[in-house]
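Chains as they are written, first to last, in this note's numbering: chain A, 27 to 169; chain B, 19 to 295; chain C, 25 to 298.
The set of hints was computed from the structure by calculation and includes no laboratory data.
Check before you lean on any hint, since a few could be wrong.
[As the list claims (entries may be wrong)] Here are the simulated DSBU-like pairs of lysine-lysine, each with C-alpha atoms no more than 30 angstroms apart in a straight line:
1) C:K136 with A:K147
2) A:K93 with C:K272
3) C:K76 with C:K173
[Said to hold, decoys possible] Computed footprint of chain A on chain B, listed as stretches where at least three residues anywhere in the stretch have a Cβ under 8 angstroms from a Cβ of chain A:
4) 55-64
5) 138-149
6) 247-254
7) 260-274
[Stated by the list, open to error] Here are the computed distance ranges between Cβ atoms for each label pair:
8) B:I242 with A:Y146: 22 to 32 angstroms
9) B:E163 with A:K147: 21 to 31 angstroms
10) C:D50 with A:V56: 45 to 55 angstroms
Computed from a predicted model, the values in this text were never measured in an experiment.
Backbone N, C-alpha and C define an ideal beta-carbon position, used for all residues, glycine too.
Here is what each chain is made of, one letter per residue.
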Amino acid sequence: MIRNKFLFPLVIFCLVQISAQTDWVRWEGVNNYLIENNNDIKSNELSSSLNNTRISNISDLLVKFYKITISDFDGDNCRFHPSCSEFFVESTRINSLFTSVLLFFDRLTRDTNIFSSGRYKTINNRFYDPPSDYSYYEKESNQ
Amino acid sequence: MFKIIYCVICSFIILYAQNNSYHSPENIRLFADYLFCQNDYLRAIEEYKRLENSTASDTLIFKIGYSYLQIKQHNYANKYFDMIERSSSLKSLAVNYNSLNFFLIKDFSSLKNNYRLNSDSDLNDSKKLLLVSSILNENIFPSDEQIFLFDDSDRLFVNDLIIKKKYPDYKSPTVAGILSVIPGAGKVYTKNYTDGLTSFLLTGLFTFLAYDNFRNSHHFRGYIFSFAATGFYLGNIYGSIISAYRYNRNYDEKIITETYDYLKQKNYFIKKVNFCE
Amino acid sequence: MSKILLIFFSISSFIFSQNDLIKQLDYADSFYFHQNYYDAITEYKRLIFFDKEKSFIYYSFNQIARCYKYARKFEDSYNFFSLALTEAKSSKEIFDCKINICRLNIIEKKTKNAHRILDELEKDSLFLEFEKEIKHWRAWVFYFEMDYKKAKDIFDELNKKELANFSEKLLEDSYSVQTAKILSTILPGLGQFYIGHYLNGAGSFLWNLLSVYLTINAFSNERIFDGIVLSNFLWLRFYVGNLENAEKFAIDKNEKIFNESLNSIYSNFSEEIP
């Protein structure tokens, strides 16, 4: 019988792995196991808020106009997720327009600051920096 | 005669085979214990539940509760820990684990209740958890006598925690707002040094550009640049205030995560049970 | 007489205990075939637990790994195939385990790992008889690397016409990222046209035209500062954006074609897929 030289560490690794099972919720088989399920949370979180904006006020209209005429053509410039314009749109949903403009300028400052990197979580190589972090009140989910 | 013996043997074999079946209560228990020790908790629970009706014992119920706790089904864990009889030898352990259960979901009032309702059993471990969580949630600090409940190393940690909560290193939003009259100073105050510098430079640059353009009577550009300068300036003030709030929030969160991390190392002050020897 | 009876008794009890294992095996298999994979794993684990002779342990590990695979829990699946590998007795069993691990790597697009495993198998003199199978999976690795040309060649060599045709069709459908980028470098927007994003291509072209015009205008009027600012912040930005878009569209389109192909693979070639 052939014995791989990696076999021993592999077995140890597996034993450790098995003792740390993740089968702690019931699950079911997947219809087509070759294809990754697109409904998982991660992709939802990453979907751009600009692409499915419903135009309800003037700032949305401006942002949509910006998106169609400029943003689509000028490349990938923002280090953050959501990008600066998305940040503005999402901010108008939870803050007043004036506050959102102030927050937008604050965000531009942070975007220009090339030294700030340690503070943020990263998602898909972007710094995660949503407007909900920038409010007076506590975040709703405290987990 | 031979026929009778034959019949006896046959029936014996059938009986034997049935007994040996892997779905008999005894075998289910063996298998469930095996799964339990493999940390395959959900499957273990399902197996234990098959036994629940026929041979329910305190150990079994405790194991189900413990498994639910491990897979973070806190409601069910609570239900099973509560089911254990007062007279049982596992009662105090179950109450302690139930305290842990409430501590993990940060349900402070239930934790208190649980302690009060079961005050007759030996609950030193729960008491420790209760003290820590009242420091965290209510800023109620234990007396010196109570601190001596903890071991030496834990006492150091608890004292440290009390100091952190009594004299928190908060930054005042008002001060941040007032300081940021000088662009960026508020951010420096909340320890975002590079952000402060950037804010100062940006506001300065756009103010200069606006001034320069007005002087050379490029009025349109002048207005644009002064709009940007005003925006950056006001944004800097508002951002500094928010930054102070964020600083305080992060400070609190950091204390909480540090505490939970430390407690996790110490198994939350609760005596470990080992069913898998 | 009593001796005979005793022997009879012990033999039959032995048979019955063996029978229990087989009963358990069938029970577990029935869950597996009804695609109730979670419960199937429980039953296979029960089988492993009571199987003191370890006669079904290889099979059970293998089946558990398969269950995990069909639920896209590849990490667990990988672990159990590795465990099965430790229990494998014949070279056929070892080969199967390794190939299964390789297939997991293919699905997860860890193509480097997959190539490495296949290389090892190819070098090993023990697995000479499985040469064709190794080649078959090599083709699939190329396929998942979107290198359809190489995949097609190997499928052709193995005389698997349907798969070869399938890869050839994909080869025709997919776009070259390199070409798109080169086209966009020469003329902004051309790469997008090549891929079929006409509106974006036209927009890119117009923005670049405008910013080049503004830049040249500024320089020719000897407004050097304006010229530098415009060229940096306007023209360069749109030019780079145009290149990025061309590349992104090409990659996205290829991904889309690839993903769509997976669906038809799954329904058409259920036997020989990773």
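Here is how each hint holds up against the structure:
As the CA atoms of K136 of chain C and K147 of chain A are separated by approximately 29 angstroms, the hinted pair is consistent with the 30 angstroms bound. Proposed proximity of K93 of chain A and K272 of chain C is supported: the alpha carbons are some 17 angstroms apart, at most 30 angstroms. At roughly 50 angstroms between alpha-carbon atoms, K76 of chain C and K173 of chain C are farther apart than 30 angstroms, so this suggested pair is violated. Evaluation of the coverage hint for the segment 55-64 of chain B: fulfilled, as 6 residues show C-beta separations to chain A shorter than 8 angstroms, against a requirement of three.
With 0 residues bearing a CB less than 8 angstroms from a CB of chain A, the segment 138-149 of chain B misses the requirement of three and the coverage assertion fails. Figure legend: the segment 247-254 of chain B, annotated as covered by chain A; annotation consistent (5 residues with Cβ-Cβ distances under 8 angstroms, at least 3 required). Three residues within the 8 angstroms Cβ limit are the bar, and the segment 260-274 of chain B against chain A gives 4, so the coverage statement holds. At roughly 30 angstroms, the beta carbons of I242 of chain B and Y146 of chain A sit within the given window of 22 to 32 angstroms.
Distance hint for E163 of chain B and K147 of chain A: a CB-CB separation of about 43 angstroms, inconsistent with the stated range 21 to 31 angstroms. The hint said 45 to 55 angstroms for the Cβ distance between D50 of chain C and V56 of chain A, and at roughly 25 angstroms that hint is violated.
Hints 3, 5, 9 and 10 from the earlier list are contradicted by this structure; the remaining hints agree with it.
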